[in-house]
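Number of protein chains: 2
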Amino acid sequence: MIVSALLTSVGINTALCVLFFTLYSVLRKQPSNYEVYSPRLLAEGTSKRRSRFNLERLIPSPGWVAKAWRLSEEELLSLSGLDGVVFMRMITFSLKIFTFAGIVGILVLLPVNCWGNQLKDIDVADFANNSLDVFTISNVNSGSHWLWVHFSAVYIVTGFICILLFYEYKYISSRRISYFYSSEPQPHHFTILVLSIPRSSSGSISDNVESFFKELYPSTYLSNVVIHRTRKIRSLVNEAKKLYKRVTQLRSDPTQQKNEHGGLLRNFGRKNSIEHYEKKLEDIEENVRLKQSEASLAEARAAFVFFKSRFGAATAFHMQQSVNPTQWITEFAPEPRDVYWPFFSESFMRRWISKLVIVVVCTLYTITFLIPVVIVQGLTNLSQLEILFPFLTSILSIKFVSQIVTGYLPSLILQLFLKLVPPVMEFLSSIQGYISHSDIEKSACNKVLWFTIWNVFFATLFSGSILSMLSVILDPKGLPGKLAVAVPAQASFFITYVVTSGWTSVSSELFLIIPFIINLITRPFTSSDDKVEVPSFPYHRDIPRVLFLGLLGITYFFLAPLILPFLLIYFCLAYIIYRNQFINVYAPRYETAGKFWPVVHNSMIFSLVLMHIIAVGIFAAKKLSLASTLIIPLPVLTLLFNEYCRKRFLPIFVAYSAESLIKKDREDENDTTIAEFHDNLVNAYKDPSLLPIRHSSNTEGLRSPLISQA
Amino acid sequence: MIVSALLTSVGINTALCVLFFTLYSVLRKQPSNYEVYSPRLLAEGTSKRRSRFNLERLIPSPGWVAKAWRLSEEELLSLSGLDGVVFMRMITFSLKIFTFAGIVGILVLLPVNCWGNQLKDIDVADFANNSLDVFTISNVNSGSHWLWVHFSAVYIVTGFICILLFYEYKYISSRRISYFYSSEPQPHHFTILVLSIPRSSSGSISDNVESFFKELYPSTYLSNVVIHRTRKIRSLVNEAKKLYKRVTQLRSDPTQQKNEHGGLLRNFGRKNSIEHYEKKLEDIEENVRLKQSEASLAEARAAFVFFKSRFGAATAFHMQQSVNPTQWITEFAPEPRDVYWPFFSESFMRRWISKLVIVVVCTLYTITFLIPVVIVQGLTNLSQLEILFPFLTSILSIKFVSQIVTGYLPSLILQLFLKLVPPVMEFLSSIQGYISHSDIEKSACNKVLWFTIWNVFFATLFSGSILSMLSVILDPKGLPGKLAVAVPAQASFFITYVVTSGWTSVSSELFLIIPFIINLITRPFTSSDDKVEVPSFPYHRDIPRVLFLGLLGITYFFLAPLILPFLLIYFCLAYIIYRNQFINVYAPRYETAGKFWPVVHNSMIFSLVLMHIIAVGIFAAKKLSLASTLIIPLPVLTLLFNEYCRKRFLPIFVAYSAESLIKKDREDENDTTIAEFHDNLVNAYKDPSLLPIRHSSNTEGLRSPLISQA
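Each protein sequence line maps, in turn, to chains A and B. So that you can map any letter, position 691 of the first sequence is 691 in the UniProt record's numbering, and since no number is skipped, the others follow by simple counting. So that you can map any letter, position 387 of the second sequence is 387 in the UniProt record's numbering, and since no number is skipped, the others follow by simple counting.
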């Protein structure tokens with residue numbers, strides 16, 4: 001790629017970012033957009049819909065930037081929980097390492113690369129087409145001693161990242177522990193989920209659980225709640241909700257309200273249809289109530305079991321309960337709001353098989369997704385495009401158009417395809433047998449990350465058939481050599497990728513295009529009394545995105561340091577924008593207390609090892625075999641460091657220690673409200689579809705004024 | 001290899017076996033050999049040394065075979081514990097699968113192989129030299145539909161083995177649980193070992209442990225015993241033991257006793273030297289006593305912590321104690337007799353690093369051990385031998401000698417080399433940080449197994465340099481193809497290996513050559529009052545040996561079914577001989593309650609998957625690519641089956657379930673002796689080097705009659 005193409009791409013994206021920022025600065029102040037840009041504030045009641053017009057509303061102001069900048073970590077913690085803090089720490093962590101790598105890369109490596117003249121020997125025409133390569137390691141002469149500078153940079157930056165990773169893991173562990181210490185008594189600390197409960201011939205599941213746990217934990221067992229199969233009721237409840245929405249919409253429809261005194265007939269028809277719907281709603285609710293009270297409500301082989309102390313619950317979780325390890329499987333209960341009710345696979349075999357099936361499906365999806373990516377890769381090649389669509393030749397010969405096509409279009413299309421991936425992966429995770437939203441998102445987060453690495457990184461490097469990619473991966477000996485050829489060749493593509501995908505994604509995150517458009521369309525049909533739905537932060541979409549850009553930065557910093565300034569701009573934008581979104585838009589749906597950090601850590605370690613493998617290949621290709629050999633201890637040391645971190649920190653993210661649990665339990669002993677808390681525990685975990693529903697009575701409440709009106 | 005060479009080898013080994021059996025049948029009845037052939041009975045006092053001579057003693061009698069045959073599993077359990085039972089189950093398991101595979105192989109596959117005429121096309125001279133290959137799959141025509149018989153055999157035998165593995169795992173799990181239920185209260189069920197105890201500024205380690213565990217487990221904590229650094233005392237105690245032995249030897253030496261009334265001077269000199277040694281012994285013992293009582297006896301950062309109930313100990317084991325997971329690491333305590341006192345690495349980092357170092361050392365040892373093996377491989381090649389040692393040409397031209405050299409010598413030399421491996425691996429495991437003899441042997445067992453698979457199986461297949469072997473392993477795609485060429489080519493070598501290594505090792509196990517020779521030499525110097533040392537069974541030597549022959553059987557059964565009769569003879573011999581040895585020779589040194597079975601299970605699964613990989617290669621090489629493809633689901637299913645077994649059974653071998661622990665604890669509640677048991681717990685775990693030593697007083701006791709005699 002030539003420099004001007006890159007500049008075009010940068011230009012377009014800068015313009016887009018400025019446009020988004022400006023639009024956001026104006027639109028956020030319009031009351032009609034409050035639901036899009038600050039639903040959180042609206043729901044909390046701190047922001048009121050002001051209908052009074054003033055001029056200030058039309059002038060873009062950067063006040064929100066300053067507000068986001070000033071937000072302290074403690075404030076963020078209270079706003080979005082530890083998960084929000086971990087997300088922001090990931091961005092500041094990336095900022096730190098890429099600032100360091102940027103200083104090394106731009107001040108040391110870039111001059112060395114430019115100094116070389118490997119590429120001067122090549123055909124001049126070809127050189128002009130690849131002018132960006134002058135800034136990459138490809139330009140350093142083979143066997144040159146200047147390559148030792150790159151070698152040292154690899155060692156120094158790896159060391160820096162590892163040290164930072166260690167302290168970051170330590171810091172987040174301590175935050176997690178102190179978060180636990182400062183928390184109020186929470187139901188999920190006192191509860192475990194038991195699965196694969198064996199059916200006894202006599203008595204219900206509940207009696208079975210009661211007798212089993214009373215026998216094992218007589219001093220700490222409190223009670224239990226058996227989970228019921230509620231698929232049918234759930235669908236009825238959903239139907240009732242839809243009907244209720246329709247009825248309220250019909251009632252409050254402003255266009256109809258106006259016509260009220262117009263056509264009596266039309267009004268009568270409307271009333272008729274309202275009555276019809278209400279009748280239907282009542283029928284359904286009667287049905288639901290009947291089904292809920294049915295004695296034959298099928299019990300699932302799973303139950304929430306409550307304990308008198310956190311330590312008691314943890315003991316029951318850690319022990320293997322039954323002689324048969326596939327029965328009475330225990331898990332920590334998720335927070336009540338975090339439970340994923342719809343899919344409660346409770347038997348050991350069903351969970352295991354569904355997990356296996358999903359792993360296979362996920363792998364197939366990841367691998368076969370390549371086909372559209374390969375087509376996208378074809379688009380970057382102008383001449384191929386002209387052959388495929390000859391009628392485009394005239395348009396493509398315009399310099400500006402051709403630059404857009406080569407520099408911008410490919411990654412935009414790729415980006416659109418990738419938009420589909422997080423929801424698909426979330427769906428796959430949800431049927432894998434996880435019992436909480438947080439686990440589903442964490443699993444989806446990993447899936448999306450590997451998906452992105454495979455389908456964007458490897459597919460771009462070895463652009464071609466699936467078989468050629470698999471053959472590269474299945475040949476570990478040849479991997480460094482093949483990477484050494486492929487990785488520098490795609491440097492310009494990934495620099496553009498950072499600009500297009502990174503910058504655009506983060507500024508569209510600010511502008512929230514899709515919710516904005518949806519709001520624009522649906523606004524006439526929603527009443528202002530509707531409850532504002534505050535979205536939760538899509539960790540499974542955004543963590544992989546940030547981590548993938550981190551992977552690009554780490555693998556490319558010594559090959560093509562030019563990528564680093566663009567990355568730094570991305571992370572600065574992300575820093576401000578995500579903080580702003582945490583303040584205004586998202587409210588936490590659950591609290592994992594930092595369980596996303598191990599994902600971040602593992603991804604960083606993978607990036608480092610990948611970078612080392614590439615370095616081995618590059619130094620060998622550059623005929624500096626000593627350097628190539630001396631790199632080999634580095635991945636070994638990195639993996640040992642990772643292993644140490646796994647032993648030192650990972651257990652903290654799995655379960656709380658006996659020491660902390662006892663400490664918290666002792667505090668409770670002096671607490672007078674704990675007895676009441678124990679009594680309420682049973683009510684904490686109620687299947688929402690078993691709660692009594694009261695829509696029809698609500699509509700009745702609504703009806704009376706209508707009737708009096710009529 | 002030609003048939004006559006195999007027959008020579010079989011002939012020699014049959015003769016050797018008969019010789020060993022006959023010699024054993026005679027020698028075991030000589031009272032002087034009781035210490036070799038029935039030390040266990042001697043120690044138990046059930047067998048007395050009869051000095052009365054009778055003719056029956058000189059006639060070989062097979063009574064011991066009948067006795068070994070009649071031994072029931074319950075008797076074996078009471079004799080050698082569950083570990084002995086597991087070992088014998090491994091042999092009966094092998095007998096079962098190879099009887100089945102033998103029926104399939106000899107009745108179905110062998111005729112199919114002989115029917116083919118692939119090898120008839122080859123040069124006749126070459127055919128004569130490879131006449132054994134007529135019985136292998138190599139003789140089946142390429143692309144022949146008869147290969148589907150082999151294909152079906154692979155599926156059927158895999159299925160049979162997996163079903164049997166499942167029921168065997170289930171049976172041994174149930175034995176383990178019933179063994180636990182029927183056991184008396186045992187100290188190690190009430191005890192955990194705590195490592196990496198942090199040093200507090202105030203107070204000793206013991207106080208620190210006391211306060212920590214009293215805080216966490218107030219209702220179940222009992223007491224603790226801190227481990228001390230006793231390396232110096234241990235060496236002193238050993239020295240004292242040696243001296244004591246010397247003194248008692250000097251006193252009771254019969255050659256000297258006779259001379260007592262002979263030379264007064266010599267007698268005086270003897271007495272002088274005895275006194276000198278006694279003085280020295282007393283000094284050392286004084287020193288030991290001083291060191292033992294020293295207040296400054298260095299405390300290690302490890303302690304045994306005792307609990308009032310099994311459940312309490314298990315809870316403490318399962319929980320992560322401290323906020324920092326690298327401190328207060330808990331392990332189940334081994335049995336008191338099983339503790340490996342000498343090497344108590346107590347800090348997390350030291351254990352981790354020593355483990356890493358040992359893994360590296362072990363891998364290097366395994367890989368570089370190849371060099372002698374390659375030399376041995378050279379010996380099988382007659383022409384190469386004649387080139388290397390021209391003076392041997394005349395001897396090697398004798399047919400009998402050449403047959404011995406090709407058929408027997410190579411595996412004998414290999415066998416001698418391999419004799420060194422188990423002790424080396426046991427040593428390596430002992431410095432790896434394990435705290436019990438059983439863990440050391442289990443780890444050594446795995447090491448020896450992998451060592452054997454790599455150095456005997458793979459090295460024979462790809463006989464050549466280490467690099468060529470590594471390149472084969474590092475190229476997963478090419479592996480089946482290379483195995484398909486190499487494995488059938490070595491069929492005759494491995495058939496001979498079964499005969500020489502298998503038959504010889506098991507009959508020499510019966511005859512116990514080395515202990516017999518040692519006994520023959522040292523007999524004049526040992527008094528009959530010496531305590532008989534009963535050896536413990538070397539699981540880490542014999543389990544890998546049996547498993548490796550199982551691997552050969554599984555991988556070769558469909559390639560060269562001729563191996564199966566020889567294997568069956570081996571397992572029949574092993575069945576009788578090991579039972580006999582469990583009755584007469586070995587006494588258990590520890591009881592892992594069946595923890596060796598997972599090793600056996602894993603090895604069988606590995607053998608199956610290896611067999612499948614070979615089958616994929618063979619069918620591809622035989623131009624039956626459909627069969628080659630259809631084999632691929634088989635390893636996947638086998639690995640899934642293994643994964644299921646890991647989830648279903650493995651946890652039972654790691655720790656006992658809460659259900660079983662509570663059941664046992666409840667039983668104790670009615671037991672009146674349990675309080676006394678609790679009081680004695682502290683004394684159960686005493687470092688033997690800290691026990692008071694009383695050698696010198698013993699010698700004094702010995703001295704008085706001597707003085708009165710003088």
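FYI, nobody ran anything at the bench for these hints, they're computed from the structure. Wrong hints could be hidden among the right ones.
If chains are identical, the list can't say which one is meant, so a pair holds when it fits in one copy or spans any two.
Stated by the list, open to error - Capping the alpha-carbon separation at 25 angstroms, the derived lysine-lysine pairs in DSS-like fashion look like this: (1) K664 / K595; (2) K308 / K214; (3) K663 / K308; (4) K170 / K280; (5) K399 / K477; (6) K419 / K96; (7) K477 / K647; (8) K664 / K214; (9) K482 / K419; (10) K170 / K241; (11) K245 / K214; (12) K308 / K623; (13) K308 / K686; (14) K399 / K67; (15) K477 / K232.
Just so it is clear, the structure is predicted and the values come from calculations on it, not from any experiment.
Against which earlier hints does the structure fall short, listed by number upward? 4, 5, 6, 7, 9, 10, 11, 12, 14, 15
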